[in-house]
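Enquirer: So the protein lines, in turn, are chains C and A. Quick note on this note's numbering: the first sequence kicks off at 1 and runs consecutively. Quick note on this note's numbering: the second sequence kicks off at 1 and runs consecutively.
Hints in this document: simulated from the structure, not taken from any laboratory. The beta-carbon is built from N, C-alpha and C at its ideal position, and this holds for glycine as well. Hints may be right or wrong, so weigh each one.
[Unchecked claim] Simulated coverage check for chain C against chain A, where a stretch passes if three residues somewhere in it have a Cβ under 8 Å from a Cβ of chain A:
#, region
1, 327 to 340
2, 379 to 386
3, 415 to 422
[Stated by the list, open to error] To give an idea of the chain C side of the interface with chain A (calculated C-beta under 7 Å), a few residues:
#, residue
4, His317
5, Arg320
6, Thr321
7, Leu323
8, Thr324
9, Gln359
[As the list claims (entries may be wrong)] FRET-style restraints, in silico, Cβ to Cβ:
#, chain 1, residue 1, chain 2, residue 2, range
10, A, Ser146, C, Gly374, 49 to 59 Å
11, A, Ile20, C, Lys262, 52 to 62 Å
12, A, Glu177, C, Lys262, 50 to 60 Å
13, C, Leu350, A, Arg189, 35 to 45 Å
14, A, Glu108, C, Ala390, 21 to 31 Å
15, A, Lys2, C, Arg530, 51 to 61 Å
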Amino acid sequence: MIWQRRALIVTLRVARLVRMGFRRFLPALRYIGRALQRRWRRSLQFRTVLTTLLLAVTSFAVVGAYLSHQIAHNLFQERLAQAESETRYNVKQVQDTFDGAQVTDQSSVITLVYDTLNAVEGRGSVIQRRYVFEAMPEQTKPRNRWVESRASDQLTVSVIPPELRKAVQESGKDQYWASTVIPVGTEDRPGIAVGNKVTFNGTVYELYLIYDLNTAQQTLDEIQSVLWAGGAVLVLLIGAVAWYVTRNVVSPVSHAAMVSEKLAAGQLQERMVVRGEDEVARLGASFNHMAASLQEQITQLATLSQMQQRFVSDVSHELRTPLTTVRMAAEVLYDARDEFDPINKRSAELLYNQVERFQSLLSDLLEISRFDAGVAVLDAEPEDILQVVAHVIEGAAPVAAEYGSEIVLSAPAGAIIVEMDARRIDRILRNLILNAVEHGEGKPVTVTVAASQTAVGIAVRDQGIGMEPAEAARVFDRFWRADPARARTTGGSGLGLSIAMEDTKLHNGWLQAWGRKGSGANFRLTLPLRQGGDIDKSPVQLEPDDVMFPGEPRNIPREGDNRNMLVLETGAARLAPVPTSKETP
Amino acid sequence: MKARILVVDDDEALAEMIGIVLRNDGFEPVFCADGAQALDVFRSSRPDLVLLDLMLPGVDGIEVCRQIRAESDVPIVMLTAKSDTSDVVRGLESGADDYVPKPFKPAELVARVRARLRPGDQKAPETLRIGDISIDVAGHTVSRGSERISLTPLEFDLLVALARKPWQVFTRELLLEQVWGYRHAADTRLVNVHVQRLRSKIEKDPEAPEVVLTVRGVGYKAGV
Numbered sequence: 001m002i003w004q005r006r007a008l009i010v011t012l013r014v015a016r017l018v019r020m021g022f023r024r025f026l027p028a029l030r031y032i033g034r035a036l037q038r039r040w041r042r043s044l045q046f047r048t049v050l051t052t053l054l055l056a057v058t059s060f061a062v063v064g065a066y067l068s069h070q071i072a073h074n075l076f077q078e079r080l081a082q083a084e085s086e087t088r089y090n091v092k093q094v095q096d097t098f099d100g101a102q103v104t105d106q107s108s109v110i111t112l113v114y115d116t117l118n119a120v121e122g123r124g125s126v127i128q129r130r131y132v133f134e135a136m137p138e139q140t141k142p143r144n145r146w147v148e149s150r151a152s153d154q155l156t157v158s159v160i161p162p163e164l165r166k167a168v169q170e171s172g173k174d175q176y177w178a179s180t181v182i183p184v185g186t187e188d189r190p191g192i193a194v195g196n197k198v199t200f201n202g203t204v205y206e207l208y209l210i211y212d213l214n215t216a217q218q219t220l221d222e223i224q225s226v227l228w229a230g231g232a233v234l235v236l237l238i239g240a241v242a243w244y245v246t247r248n249v250v251s252p253v254s255h256a257a258m259v260s261e262k263l264a265a266g267q268l269q270e271r272m273v274v275r276g277e278d279e280v281a282r283l284g285a286s287f288n289h290m291a292a293s294l295q296e297q298i299t300q301l302a303t304l305s306q307m308q309q310r311f312v313s314d315v316s317h318e319l320r321t322p323l324t325t326v327r328m329a330a331e332v333l334y335d336a337r338d339e340f341d342p343i344n345k346r347s348a349e350l351l352y353n354q355v356e357r358f359q360s361l362l363s364d365l366l367e368i369s370r371f372d373a374g375v376a377v378l379d380a381e382p383e384d385i386l387q388v389v390a391h392v393i394e395g396a397a398p399v400a401a402e403y404g405s406e407i408v409l410s411a412p413a414g415a416i417i418v419e420m421d422a423r424r425i426d427r428i429l430r431n432l433i434l435n436a437v438e439h440g441e442g443k444p445v446t447v448t449v450a451a452s453q454t455a456v457g458i459a460v461r462d463q464g465i466g467m468e469p470a471e472a473a474r475v476f477d478r479f480w481r482a483d484p485a486r487a488r489t490t491g492g493s494g495l496g497l498s499i500a501m502e503d504t505k506l507h508n509g510w511l512q513a514w515g516r517k518g519s520g521a522n523f524r525l526t527l528p529l530r531q532g533g534d535i536d537k538s539p540v541q542l543e544p545d546d547v548m549f550p551g552e553p554r555n556i557p558r559e560g561d562n563r564n565m566l567v568l569e570t571g572a573a574r575l576a577p578v579p580t581s582k583e584t585p
Numbered sequence: 001m002k003a004r005i006l007v008v009d010d011d012e013a014l015a016e017m018i019g020i021v022l023r024n025d026g027f028e029p030v031f032c033a034d035g036a037q038a039l040d041v042f043r044s045s046r047p048d049l050v051l052l053d054l055m056l057p058g059v060d061g062i063e064v065c066r067q068i069r070a071e072s073d074v075p076i077v078m079l080t081a082k083s084d085t086s087d088v089v090r091g092l093e094s095g096a097d098d099y100v101p102k103p104f105k106p107a108e109l110v111a112r113v114r115a116r117l118r119p120g121d122q123k124a125p126e127t128l129r130i131g132d133i134s135i136d137v138a139g140h141t142v143s144r145g146s147e148r149i150s151l152t153p154l155e156f157d158l159l160v161a162l163a164r165k166p167w168q169v170f171t172r173e174l175l176l177e178q179v180w181g182y183r184h185a186a187d188t189r190l191v192n193v194h195v196q197r198l199r200s201k202i203e204k205d206p207e208a209p210e211v212v213l214t215v216r217g218v219g220y221k222a223g224v
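My request is simple: use the sequences and hints to build the entire structure.
Expert: Right, here's the structure in full:
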């Protein structure tokens with residue numbers, strides 16, 4: 001059928017164009033594809049409109065194709081019927097003319113045949129039908145066979161499909177038809193060939209009349225273009241309607257989303273616009289109600305927190321100034337104590353020592369309250385942590401010498417650059433190392449430093465009295481002491497490790513403790529090399545290799561657990577299952 | 001000659017105590033309890049060093065610091081009760097050379113005062129260059145071409161320390177020791193702030209320094 005053929009040609013052409021285009025514009029197409037995908041995921045409206053359009057296009061294509069097929073079919077049938085009846089008439093005319101002809105000489109016969117056939121083309125400037133006139137093959141040559149074949153301009157017998165010729169040749173006097181393509185000028189046009197036999201002077205000829213379907217094709221093309229144009233307009237209209245309808249529904253929702261994003265970003269005064277009394281308006285009203293109560297509570301909290309900060313800052317200042325005076329006075333008295341009598345001398349010493357203690361307690365308290373108020377800020381810069389470690393060890397050396405212990409550093413050569421607040425790291429390490437010296441009973445304290453791609457670990461290990469795993473879990477608690485009876489003999493405010501923990505949290509690091517009675521303790525600090533980076537595993541071990549007590553509860557930090565919590569587990573991981581100790585937090 | 005030290009502090013007990021300690025160590029203290037009068041007292045007493053409390057009634061310490069710095073290069077040491085970064089940095093940025101956090105020991109205070117008063121080492125006539133900056137060490141002047149650049153004594157010392165060893169990278173700790181005279185750990189923010197201030201005076205573009213370079217993770221060095 002005509003339209004099938006045309007459709008096939010068009011499809012092939014489009015496919016070729018698409019293939020070529022793909023090669024050239026592939027990157028651009030990928031980009032557009034990704035953008036559309038993002039849009040599809042993120043916009044309900046886009047999705048709805050696109051789905052509607054796709055459905056409309058599909059249904060229109062199906063209906064259009066059906067209509068177009070029907071119309072083409074009817075047009076063709078009509079033209080075919082006309083062609084068949086015209087052929088029947090014309091063949092009869094030709095046969096009649098041939099039958100009544102006077103066969104005399106060759107030239108008059110040729111003229112007669114040609115004139116008869118030319119008359120078939122119809123009168124006037126428009127050729128109504130064309131012909132192919134061909135002697136049947138395989139017949140014994142009669143006497144007067146002066147005419148072999150003849151065809152209208154541009155036509156040869158090759159335009160007649162072989163099947164049609166075969167049908168005509170093999171039948172008696174029946175008429176057959178077939179679709180064909182005829183050259184007209186420079187173009188190929190669809191046509192119908194209808195054939196039959198005529199006899200002239202004892203010779204049987206095949207006569208095919210060929211009808212141009214161009215007019216029908218043009219009509220069909222026009223109808224189709226109107227159909228498709230109408231369809232396109234209809235689809236666009238449907239798209240617009242879908243867009244409008246979904247916009248009406250979606251815009252309040254996306255407005256709500258936008259407002260809640262702003263609220264989340266801290267713009268607490270943001271509210272939804274409420275119009276009318278429908279569902280959307282109800283959503284807006286209750287949303288605004290929620291926002292209002294949220295704003296109230298947050299403002300209240302912010303005020304409280306601000307007051308707390310002010311208070312801490314004020315207390316800090318108010319206490320420090322008189323404390324400075326007292327401290328200076330105590331020191332002046334202390335320096336002059338040799339000139340006093342024994343009672344005054346001892347008093348001066350007590351005053352001096354206790355003012356010192358009071359001061360360290362106060363500064364630790366203020367530090368902790370600064371963390372609680374959330375005003376502690378990380379002043380991080382990339383620096384070499386090995387220098388800080390070396391510096392702290394150097395500073396702790398005199399104290400270690402006093403206790404008769406030695407501090408051993410095990411660290412890689414070179415530098416380990418860590419993004420950190422060196423002041424705070426210095427404070428954490430000083431605390432850990434001095435603690436280890438104090439509790440190390442004169443045995444060596446080992447400081448191990450190791451780094452991975454993402455983190456640095458520092459372990460401070462002593463061989464002293466050690467502690468129960470349950471105690472290790474509590475060492476970071478404020479004012480917590482392992483043994484209340486000997487609480488005050490070793491100095492310190494009892495806040496040192498709590499502050500160390502806060503400093504560590506500020507760096508997004510881990511601070512963990514391990515201990516066993518009689519085997520000493522190990523404290524491990526793990527920091528990300530870059531702030532914002534994650535730690536998945538500490539480069540140093542928390543539980544030392546040199547201690548193994550099968551079956552006893554042990555302190556195994558769960559790698560990947562960055563909540564700075566101590567997790568107590570049994571030796572079950574390696575040995576026989578033993579119930580988990582009940583101190584597990 | 002006794003060095004005269006102006007103590008600007010509204011807490012009379014503390015001021016008196018500081019006075020006792022300073023006198024004990026051979027200094028001559030002058031007192032002022034009010035920020036608003038600090039500048040007048042400064043002008044009339046012409047001290048060799050100012051000890052300045054950050055929190056003052058009337059005009060606050062940072063403003064006083066700025067006023068004094070506007071007309072003099074005299075060393076200023078702040079006394080701060082707040083050791084929060086922002087306050088300390090604000091104080092240093094307004095022109096103070098050093099700070100002593102409360103509560104401090106008398107020896108600590110005296111050490112800070114002496115460090116700032118230390119009469120520059122006997123300087124031989126010497127001219128140093130970093131980049132397009134030339135430094136006349138004995139004459140205490142810094143210039144770019146014919147243009148004189150005015151630096152405080154502390155900024156001058158910092159620049160000279162860097163310029164003397166242009167091949168060396170100075171850690172902040174080393175600079176604290178050489179320029180500020182700290183033997184033990186001290187606040188490295190002092191170095192950061194003063195390097196920024198120095199840069200703002202001697203660099204053509206302080207955002208892209210050419211004279212005092214930062215060595216990431218280590219410290220600073222002189223640009224050659």
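Enquirer: Run every hint past the structure and note whether it holds.
Expert: Taking the hints in turn, this is what the structure says about them:
1. 327 to 340: holds (count 5)
2. 379 to 386: The restraint on the region 379 to 386 of chain C holds, since 4 of its residues have a Cβ under 8 Å from chain A and three suffice.
3. 415 to 422: With 3 residues closer than 8 Å to chain A, the region 415 to 422 of chain C meets the three-residue bar; holds.
4. His317: 4 Å, holds
5. Arg320: Result: holds, 4 Å to nearest chain A Cβ.
6. Thr321: Status holds, d = 5 Å.
7. Leu323: 5 Å, holds
8. Thr324: 4 Å, holds
9. Gln359: 5 Å, holds
10. Ser146/A to Gly374/C: 49 to 59 Å: Hint holds: Cβ distance 53 Å, inside 49 to 59 Å.
11. Ile20/A to Lys262/C: 52 to 62 Å: With Cβ atoms ~60 Å apart, the hint holds.
12. Glu177/A to Lys262/C: 50 to 60 Å: At 52 Å between Cβs, range holds.
13. Leu350/C to Arg189/A: 35 to 45 Å: Given about 36 Å between the Cβ atoms, the range holds.
14. Glu108/A to Ala390/C: 21 to 31 Å: Roughly 24 Å apart at Cβ, these two residues keep to the hinted range, so it holds.
15. Lys2/A to Arg530/C: 51 to 61 Å: 53 Å, holds
Hint check: no violations occur; every hint is consistent with the structure.
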